[in-house]
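> Residue strings, one per chain:
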Amino acid sequence: MTKVVLNRRNLLVAGGSVLTTGVLATSMPGMLLPARAAGVAPTESMSGGANNYRKGAAVVDRIGKGGFWMSGTVRRAGDGAPLAGQRIQIWAHTVEGQEHEPQSHGATLTDKDGKFRLEMPQIIPIFGQPHGHLAYDSGEFKTVFLRPVMRSAKETSLEAHFVLQPA
Amino acid sequence: MILIWIALALAIGVPVALAATSEQLAWRGPVYVLSGFAGIVALALVLVQPLLIGGYLPPLSAYRGRRAHHWIGGALVLAVVIHVAGLWITSPPDMIDALTYASPTPFSPFGVTAMWAIFIVALLASLRRRLELRPRTWRFIHMPLAIVIVAGSVVHCLLIEGTMETVSKVALCVLVLAVTAKVMIDLQVWRKRRALRGESGARQ
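In order, the protein sequences belong to chains A and B. Going by this note's numbering, 154 is the number at position 154 of the first sequence; the sequence numbering is gapless. In this note's numbering, each number is its position in the second sequence, counted from 1, plus 1000.
Watch out, some of these pointers could steer you wrong.
Said to hold, decoys possible - Derived SDA-like pairs (lysine to any residue); straight-line CA-CA distance at most 25 Å:
id: 1; chain 1: A; residue 1: K154; chain 2: B; residue 2: I1082
id: 2; chain 1: A; residue 1: K142; chain 2: B; residue 2: A1102
id: 3; chain 1: A; residue 1: K112; chain 2: A; residue 2: K154
id: 4; chain 1: A; residue 1: K142; chain 2: A; residue 2: A167
id: 5; chain 1: A; residue 1: K65; chain 2: B; residue 2: A1102
id: 6; chain 1: A; residue 1: K154; chain 2: B; residue 2: S1168
id: 7; chain 1: A; residue 1: K55; chain 2: A; residue 2: R76
id: 8; chain 1: A; residue 1: K154; chain 2: A; residue 2: D61
id: 9; chain 1: A; residue 1: K65; chain 2: B; residue 2: P1030
Derived by calculation from the structure, the hints in this document are not laboratory data.
All chains should be modelled from the sequences, with the hints used to inform the complete structure.
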């Protein structure tokens, strides 16, 4: 259960909110209550998460010249078990290109602990917020698009966490 | 007399100049840069509007100030159109989210609401004679919309992390609010004064 709360907090921070878990529980009951009822709740796609998505970005060692780290975890809804070998697509407006441009896109696979980590160029503010985009869109589980926001444009890393449910 | 013009030039020129030195510009295409500056110009025009209508910009007479207010209103519409069109070209899905009030960015609905208020005021202003709107009716329509425009623009601007430098941005926003409040108090826009109606009627 501790793990769940931590995960939620990361998600929230990614969403640019500095809220206590208590506030979260009251303001976003849909996110917490199902977790209590049926284990780990699936992650919902974030609004705007799919913007400028290019289907089928290749798995790469690094996007562009790197310098910025996108990381996170992928787990299964319900029991929260880590999911290995899942393809996570990542894109953002960076110092090397705009969101829609092919060189701004790349994908990586989760390790045996369900963790992923991909180096990419520094994300910079676009449309008023420094943010990244991540997608799980491989078919086995329901597609999820995330759009985490950096607390500051100066940060050099960003996290996003997926809890997937069967498609 | 000259002081107010210098102050106005600084209030607008400094934030624009500082935005022009932003390191963000290096990572943006020309269309995105243009649309960003169109937004800053629009905010600057929102500052000019109450100054003109309040007669705070000598030697412009009340009549000339009012004429300029109409023209600047048109320029404001143009600036907003360039701002929105440029952002649309830069990232269509993000702009569509904003216009449909489905955006994840908290500042978008404020900007979009201010945009509609600007368009409504401009449309009604251009049709004012044809619709035979009396000065009092016009005020009744324009004042709430003016407040929506000012408040919406300021909140929109303050929440954005973009090219504007923070201190000059906040200063410009505070000025916009202060000048709007002052002109509304000075012109006593909420008081039903017969004399005021007669006066504005004579000017039209």
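> Which of the stated hints cannot be reconciled with the structure, identified by number in ascending sequence?
1, 3, 5
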